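Asks: Spelled out from the first residue to the last, the chains are:
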Amino acid sequence: MDNTLLEVKNLKTYFFLDEGTARAVDGVDFEIKRGQTLGIVGESGCGKSVTARSVLRIVPKPGRIVEGEITLHRLVAKQDGSKMTDLIRLTEVDPMGSLMRGLRGSEMALVPQEPMASLSPVHTIGDQIGEAIRLHQKVSKAEARAKTIQMLELVGFPRPKQRVDAYPYQLSGGLRQRAVIAMALSCHPSLLIADEPTTALDVTTEAQILKLMRSLQQELGMAIMYITHNLGVVAQMTERVIVMYMGKVVEEANVDTIFHNPLHPYTSALLRSIPRLGMKARERQRLASIRGTVPDPYAIPKGCSFHPRCDKKIRGVCDQQEPTYIEVEPGHKARCVLYKQ
Amino acid sequence: MLAYIVRRILIMIPTLFLISVISFALIQLPPGDYLTSYVAQLRSMGDNIQQEAIDAMRDRYGLGQPVYVQYFKWIEGIVTRGDWGQSMEWQKPVSELIWERMGLTVVLAVFSLLVSWLIAIPVGVYSATHQYSMPDYAMSILSFVGVGVPAFLWALIIMYFAQTQLGMNVGGLFSQQYLEAPWTWDRVVDLLKHIWIPGLIVAIENTAGEIRTTRANLLDEINKPYVELARAKGLTENRLIWKYPVRVAMNPFFSTVGWSLANRISSITLMSVVLSLQTTGPMQLRALLSQDMYLAGSFLVLLSTLTVVGTLISDILLAWVDPRIRMEA
Amino acid sequence: MADLDQVKPLDTSPDIEEEIQSGGEKVYVAPPWKLMWWRYRKHKMALISTVVLILFYFVALFCEFVAPYDPDQAANQFKQVPPTAIHIRDTEGNFHMPFVYQHKRVQDPQTLQITYTEEPSPRYPIEFFVHGFQYKLLGLWQTDIHLFGIPQGKDQQGLFLLGTDRLGRDMFARVSYGARLSLTLGLVGVFLSLAIGVVLGGISGYYGGRWDIVIQRVIEFIRTIPQIPLWMTLSAALPATLSVEETYFGITVILSLVAWTWMARVVRGRFLAMREEDFVLAARLNGSSEMRIILRHMLPSFLSYIIAALTLNIPNMILAETGLSFIGLGLRPPAISWGVLLQEAMNLRSLALSPWVLAPGFAVVISVLAFNFVGDGLRDAADPYAR
Ligand SMILES: Nc1ncnc2c1ncn2[C@@H]1O[C@H](COP(=O)(O)OP(=O)(O)O)[C@@H](O)[C@H]1O
Ligand SMILES: [Mg+2]
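Those protein sequences? They're chains L, F and H, same order as listed.
Anchor point for the first sequence: position 153 equals 152 in numbering that gives the first Met the number 0, and the numbering is continuous, going up by one each time.
Anchor point for the second sequence: position 62 equals 61 in numbering that gives the first Met the number 0, and the numbering is continuous, going up by one each time.
Anchor point for the third sequence: position 215 equals 214 in numbering that gives the first Met the number 0, and the numbering is continuous, going up by one each time.
Pulled out of the complex, with its shape left as it was, chain L reads as follows:
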C-alpha cells in the first residue's frame, strides 16, 4: 500500500512587500509517511511557519505560493469497505474553496504556537471546539458537545464537563494548549501540524504536552509535522528531521543520523549550540554559537545563503555558486558543495 501521506516538492512561497520580495520559503522538498513524525528545525525566521501555512493553504497576504507542488494522499473508504488513496494536488485547489476547507481541520489540523492568542477571547472553548466538530461531522449540537467533552478528557483536561464552558482567560497556558490540541484532534486528522506548540509554555508543562502528543499519536495513528527551533525536542519527538535555513532545506536525515553524523555545516553549528547535561557553567558560557545573524529574507546572499556565517566556506566557490540538494548517502540529503553524490 502507498505509505506516503504528504509530498512537498520545490515549494516556493514569497511575500511581496513594498520593501522587496521576501523569499520566506525558497525551494523546500520533503515527504511525510503515514504515522510518522517529521521534525522541521531552524532558527527563527527561516520559513518553518510559512511552510506549514503553505501546506494548509492559509498563507496570509501579501504572501503567495509561487512555485512547487504539495500533494496529499488521502485515504478514502470504498463501498466494499476497502480503502484507496486519493491524490489531491493542494497547490492547485482554491484555497478558500470547499474541497480545501473540507481538508483543513479534518485531514490536516494545526496546533499553533501561542495557545492564548490562538483562542478567541470572547467564546468558550466548548464553542470553539464544538464548531470544528460540527463543521466536519454530521452531528447534532448535543452530540458535538458530548464529543467535545470526550476530546477534552482525552487530552487530560480535569473536570471537562465544567471546563467546557470556560473562557480561555480562565485557563492556564497548559490547559489552553490542551484545548487547542483537543480541537485539532477532534476530527481525527491524518496529519497534525504542530508549529512550535510548546514554545510559550514552561518546561514542566512543555514536558507534559510532549508526552501527551506522543501518546495520542500512538493511540490515533496520525502523522505529525513537528516544527521547532529546539533540538532537544526534536530528539525526543521525531523520527525524521529536516533542517531549514533561509527558506531552503539544507539537510534531511533520520533523527539519529542528524545528531551523530551531521553533514551540513549549519546543522553541525546548530548541534554545537546545545548545552549538554553535566556541562560546567563556565563551559556552558563558552557554548559555540553560530557566527552572525540570519540575513534579511529580501537580501539573500549570492551563492550559498549560509556562506557568510559558515566556518568551512571555500572562497570563490561558496559565494559564487548555489549548491544543489543531493542525496549524499541513502536517506540522507544535504545542500552543500562539500558533498558529492
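If you're looking for bench data, these hints aren't it; they were derived computationally from the structure.
The model shown is predicted, which means the values in this text are computed figures rather than measured ones.
No residue lacks a Cβ here, since even glycine has one placed at the ideal position from N, Cα and C.
Accuracy of the hints is not assured; some may be wrong.
[Claimed, not checked] Listed below are several chain F residues computed to face chain L (Cβ distance under 8 Å; list not exhaustive):
{"#": "1", "residue": "PRO224"}
{"#": "2", "residue": "LYS232"}
{"#": "3", "residue": "LEU234"}
{"#": "4", "residue": "TYR243"}
{"#": "5", "residue": "VAL247"}
[Unchecked claim] Keeping only pairs whose Cα atoms sit at most 30 Å apart, straight-line, the calculated DSS-like set for lysine-lysine is:
{"#": "6", "chain 1": "L", "residue 1": "LYS160", "chain 2": "L", "residue 2": "LYS140"}
{"#": "7", "chain 1": "L", "residue 1": "LYS312", "chain 2": "L", "residue 2": "LYS11"}
{"#": "8", "chain 1": "L", "residue 1": "LYS301", "chain 2": "L", "residue 2": "LYS339"}
{"#": "9", "chain 1": "F", "residue 1": "LYS223", "chain 2": "H", "residue 2": "LYS41"}
{"#": "10", "chain 1": "F", "residue 1": "LYS91", "chain 2": "L", "residue 2": "LYS210"}
{"#": "11", "chain 1": "L", "residue 1": "LYS301", "chain 2": "L", "residue 2": "LYS311"}
{"#": "12", "chain 1": "H", "residue 1": "LYS135", "chain 2": "L", "residue 2": "LYS60"}
{"#": "13", "chain 1": "L", "residue 1": "LYS11", "chain 2": "F", "residue 2": "LYS223"}
{"#": "14", "chain 1": "L", "residue 1": "LYS160", "chain 2": "F", "residue 2": "LYS242"}
{"#": "15", "chain 1": "F", "residue 1": "LYS72", "chain 2": "F", "residue 2": "LYS91"}
{"#": "16", "chain 1": "F", "residue 1": "LYS223", "chain 2": "L", "residue 2": "LYS60"}
{"#": "17", "chain 1": "L", "residue 1": "LYS60", "chain 2": "F", "residue 2": "LYS242"}
{"#": "18", "chain 1": "F", "residue 1": "LYS91", "chain 2": "L", "residue 2": "LYS140"}
{"#": "19", "chain 1": "L", "residue 1": "LYS77", "chain 2": "L", "residue 2": "LYS32"}
{"#": "20", "chain 1": "L", "residue 1": "LYS140", "chain 2": "F", "residue 2": "LYS72"}
{"#": "21", "chain 1": "H", "residue 1": "LYS78", "chain 2": "H", "residue 2": "LYS135"}
{"#": "22", "chain 1": "L", "residue 1": "LYS160", "chain 2": "L", "residue 2": "LYS146"}
{"#": "23", "chain 1": "F", "residue 1": "LYS242", "chain 2": "L", "residue 2": "LYS137"}
[As the list claims (entries may be wrong)] Some chain F residues judged to face chain H by a derived CB distance under 7 Å, without partners named:
{"#": "24", "residue": "PRO29"}
{"#": "25", "residue": "VAL148"}
{"#": "26", "residue": "THR163"}
{"#": "27", "residue": "VAL272"}
{"#": "28", "residue": "LEU299"}
Following the hints, put chains F and H with the ligands in place on chain L, whose structure we already have.
Replies: Same frame as chain L, now just chains F and H with the ligands:
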C-alpha cells in the same frame, strides 16, 4: 450583574454633581444680575410688577446671596420639586420648556447612532477584508468626505437643494398644524416623516469616523492567531470573520457609546440651529444670547447627563459582549 | 535544551558585514528621516494636500495681496452677482488672454428680481500685479499691488471669482481674509492645547500612579460634557464689547480648554509606551536626571507622533471655530472668518438666490480634508505599523 449595574450607577453621582457645579458656575460667568434686567425689561414693556413678587423670586432662588447659596437653592429645587428654575425670556418654568426638546434631541441622537452603526459595521468589515481593493479606496475617500463636511454644512447644502430643486422646506421636525399640538399618534407619524433627514445628516457626519474605526479595529484583529486557527479549522471566510474578529473589534465601539452620544449632541446642536428643529440647540442658543441662565444651565446639565447615561449603557453593553468583564461583575 | 533564538551571536566580525554586501544585493540601511520621507511620499493624497495647505496658508498670510478688492467695500450695483465667468474665446471665436465681459444688471419688471447677464462688447482682460486698494504688506510695506484683477475700478466693473454677497462685497476677497483668522486660529489653538496637553499628558504618562488617575479623570470629565454646548456656554460668557483681537484670543483659549484633552491622550500613550523601553531604563540606570531623560531620550522619538497628532487636531479646531462663529457665538463681524461669512448662508432666501455664499464652507471642507490627509500620511510615516 445587577450589583455591577448598581455600582456603575453610584459612580455616576459624583460626576453628575460636578457637572451641575460646573454648569452653574459657567452660567454665572456673564456679569450682571439677570433679575434686575428682567424687571427692567418688564417695566419697559409697561408691566407693573409687584415688589413682593420680585422679593419672592429673589428669596426662592437665593439671589443677592453668595453664589454657592444660589447653587444649592437651584439644586434643592431640582431634586425636591423638579423645579429647574425660571426662564425669564419665556416667562415660564424651565421644566415646562425643556422636556420635549430634550426628548427630541435624544430621539435624534439615538436614531442617528443606530443608522450609522447599521452602515458602518458592514461597510467597515467589507473595507477591512478587502483592503486596498477599489471599493476599499472608494470607501476611504467617501469617509474622508464625511469627516470633512460638518453636519451643519450638510444641512445648509440639503436645505439649498430642497428649496431650489424641490421647492421644499426641510426645516423643522413637525408640520405646521402639529407644532404646538399635544402628543397624539398623528403627531408621532408627522415627526417620523420629518426626522429622517436631520437624522441622516447627523449620521453622515459621524458614520465616516465609525467606518474608519471599524476598519482599523478589524485590521488589528484580522491577523491575530485566533483568526488563523479558525481558518485552519476549515470555516468559510465570511463565517469566521463575522464570528471572531468582528465580535472582538466591536468592543471599542460599545465602550464609546457615551462619547458617541456626546459627539452627536454637538452635531445635532449646530445642525438644529440651521434647520430650526425643535431640539435643544436653538433654544439653548437663544437662552445663552439673552443670558436666560436657568434655561441655559439646565440644558448643559441635561445634555451632559445624557453622555453619562450613555457611558452607563456602554458599560452594560461591554459586560454583555465581553466575558472577562461579565465574570468580574 | 537551548533555544536557538536566545543564543546571541558572539562574533560579528567586520568581514561578515563586508561579505554580505559584496555577495549580491547590497544591504543598505537608510536613516530614519529618509525612511519617513519615503513612506510619506507614497501617500499621494498627503502630498497633494501638502501643496493645498501651503497655498491656503500663503493666502492667509498675504490675503491683502491675493484679494483683488477690499473685503468690506460694498458696491451697490453689484449685489449678489454670481461668480464671474472667465473667457479665453470671444463671441467671434477668436482666442485671447483670459478676460471677462461686463456684468449687466437686469431687473424683472414684475418680480423686481435682479439678475445679471454678460454684455459681450468690451472685453476686460485679466491682469496680474494690478493697482488696487492701499494696504500694508505683512503690516510693513505700504503698497497697492494685487496679485490679479482688472484695471477698472470696482464701481465700473468687477472680477468676482466667487461672486458677491447681499451688499455687493467680493466673496473671493472675503474668503481670502477669512482664511487668515480661521486657519491661524486652528494653528494657534492647537499649539496652546499642545502646551497644556504635553504638560498634563506627560505627567500622567511619565509618573503614572495617582497623578495619572487624577488627570485621566479630569479628561474623562471634560469629555463628558458635549463639546459644542460647552463651547457655546463658554463663548457666551465673553463680553460683546471685546475687540476683534480680544475675541479671537478668547475663542482660542476656550477651544483649547477642551482640546488639550485630545493632545494629552496622545502624549500619555507615547510616554507609557516609551517609559518601558530599554533606552530609558538604560538612561535611568546611568543615573541621568529625570528631566534629562525626558529631553534627551524621549522627546525626539515621539516628536513625529506629536506632529501627526497636531495635524489631525487642527481641523477639529477649524470646524469648531466655524461652527461657533456661524451661530453667532464665536468671532463676530466686523471680524472676517469663514464661520462669520457662513452666517450669510443661514438666511434661506439669500442662500437660494446666491448659493455661492457657501464658498467659505467649501474652503473649510478643503482645509479640513487636507489636514486629515497630511495627518494620516505623517502618522503612517512616523509609525508604519500603527493604523
Ligand atoms: N505575514 C507576513 N508578511 C510578510 N512577511 C512574512 C510574513 N510571514 C512571514 N514572513 C516572512 O517569512 C519569513 C519566515 O517566516 P516564518 O515562516 O514565520 O519563520 P519561522 O521559521 O520562525 O516560523 C520571515 O522572516 C518573514 O520575512
Ligand atoms: Mg514560526
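Asks: Please go over all the hints and tell whether each is borne out by the structure.
Replies: Do the hints match the structure? See the list:
{"no.": "1", "hint": "PRO224", "verdict": "holds (4 Å)"}
{"no.": "2", "hint": "LYS232", "verdict": "holds (4 Å)"}
{"no.": "3", "hint": "LEU234", "verdict": "holds (7 Å)"}
{"no.": "4", "hint": "TYR243", "verdict": "holds (5 Å)"}
{"no.": "5", "hint": "VAL247", "verdict": "holds (6 Å)"}
{"no.": "6", "hint": "L:LYS160 to L:LYS140", "verdict": "holds (15 Å)"}
{"no.": "7", "hint": "L:LYS312 to L:LYS11", "verdict": "holds (26 Å)"}
{"no.": "8", "hint": "L:LYS301 to L:LYS339", "verdict": "holds (21 Å)"}
{"no.": "9", "hint": "F:LYS223 to H:LYS41", "verdict": "holds (27 Å)"}
{"no.": "10", "hint": "F:LYS91 to L:LYS210", "verdict": "violated (81 Å)"}
{"no.": "11", "hint": "L:LYS301 to L:LYS311", "verdict": "holds (17 Å)"}
{"no.": "12", "hint": "H:LYS135 to L:LYS60", "verdict": "violated (59 Å)"}
{"no.": "13", "hint": "L:LYS11 to F:LYS223", "verdict": "holds (24 Å)"}
{"no.": "14", "hint": "L:LYS160 to F:LYS242", "verdict": "holds (24 Å)"}
{"no.": "15", "hint": "F:LYS72 to F:LYS91", "verdict": "holds (18 Å)"}
{"no.": "16", "hint": "F:LYS223 to L:LYS60", "verdict": "holds (13 Å)"}
{"no.": "17", "hint": "L:LYS60 to F:LYS242", "verdict": "holds (21 Å)"}
{"no.": "18", "hint": "F:LYS91 to L:LYS140", "verdict": "violated (64 Å)"}
{"no.": "19", "hint": "L:LYS77 to L:LYS32", "verdict": "holds (22 Å)"}
{"no.": "20", "hint": "L:LYS140 to F:LYS72", "verdict": "violated (63 Å)"}
{"no.": "21", "hint": "H:LYS78 to H:LYS135", "verdict": "holds (28 Å)"}
{"no.": "22", "hint": "L:LYS160 to L:LYS146", "verdict": "holds (11 Å)"}
{"no.": "23", "hint": "F:LYS242 to L:LYS137", "verdict": "holds (21 Å)"}
{"no.": "24", "hint": "PRO29", "verdict": "holds (5 Å)"}
{"no.": "25", "hint": "VAL148", "verdict": "holds (5 Å)"}
{"no.": "26", "hint": "THR163", "verdict": "holds (5 Å)"}
{"no.": "27", "hint": "VAL272", "verdict": "holds (5 Å)"}
{"no.": "28", "hint": "LEU299", "verdict": "holds (6 Å)"}
Hint compliance for this structure: hints 10, 12, 18 and 20 are broken, all remaining hints hold.
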